[in-house]
Amino acid sequence: MKPSHIEHIGIAVKSLDAAIPFYEKAFGLECYAIEEVPEQKVKTAFFMVGQTKIELLESTDPEGPVGKFIEKKGEGVHHVAFAVENLAEKLVSIQEAGVQVIDKTPRKGAEGLNIGFLHPKSTFGVLTELCEDPSK
Numbered sequence: 001m002k003p004s005h006i007e008h009i010g011i012a013v014k015s016l017d018a019a020i021p022f023y024e025k026a027f028g029l030e031c032y033a034i035e036e037v038p039e040q041k042v043k044t045a046f047f048m049v050g051q052t053k054i055e056l057l058e059s060t061d062p063e064g065p066v067g068k069f070i071e072k073k074g075e076g077v078h079h080v081a082f083a084v085e086n087l088a089e090k091l092v093s094i095q096e097a098g099v100q101v102i103d104k105t106p107r108k109g110a111e112g113l114n115i116g117f118l119h120p121k122s123t124f125g126v127l128t129e130l131c132e133d134p135s136k
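Just so we're aligned, residue 1 is where the sequence shown starts under full-length UniProt numbering, counting upward by one.
These aren't lab readings, by the way, just hints derived from the structure by calculation. A hint or two may mislead.
[To be verified] Below, in silico cross-link-like pairs of lysine-lysine (DSS-like), each with a Cα-Cα straight-line distance of 25 Å or less:
no., residue 1, residue 2
1, K2, K90
2, K108, K121
3, K104, K41
4, K68, K14
5, K41, K72
6, K121, K68
7, K108, K41
8, K41, K121
9, K43, K68
10, K73, K43
Could you put the whole structure together from the sequences, leaning on the hints where they help?
This is the structure we're talking about:
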């Protein structure tokens with residue numbers, strides 16, 4: 001597998017209302033999209049930095065994955081996402097290579113991307129997401 005680029009870096013925050021102005025003022029970035037992903041119990045906000053996005057993640061449920069992450073570790077980097085083609089095939093081949101996955105098959109994520117997460121136990125402690133844009 002060879003990703004084409006880092007698609008985004010996910011950062012868990014307690015409040016998008018507090019975090020968005022920081023990224024806008026401190027870095028001069030523009031929040032171009034805010035989206036709720038009910039299946040993942042999260043609300044997201046996106047910024048472009050070159051070809052890479054910053055995705056802020058606010059939990060909509062304390063029992064959701066981001067809510068639990070913030071409770072355990074506090075705010076901060078939640079995951080790194082790589083852009084790939086043929087995500088379903090990549091998830092199969094990475095499992096065959098012995099990597100533990102959270103998603104055995106692709107699921108829908110923010111911005112209409114197909115996503116699949118790799119377990120941090122297999123990725124040196126970093127929650128890793130693979131993303132595919134189905135429109136390409």
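Evaluated hints:
1. K2 x K90: 10 Å, holds
2. K108 x K121: 23 Å, holds
3. K104 x K41: Holds, at roughly 20 Å.
4. K68 x K14: Cα-Cα ~11 Å, so holds.
5. K41 x K72: Measuring from Cα to Cα gives roughly 17 Å; hence the hint holds.
6. K121 x K68: Holds - the C-alpha atoms of K68 and K121 are around 17 Å apart, at most 25 Å.
7. K108 x K41: Holds, because 13 Å separates the two Cα atoms, which is no more than 25 Å.
8. K41 x K121: 23 Å, holds
9. K43 x K68: 14 Å, holds
10. K73 x K43: 19 Å, holds
Figure legend: structure checked against the earlier numbered hints; every hint is met.
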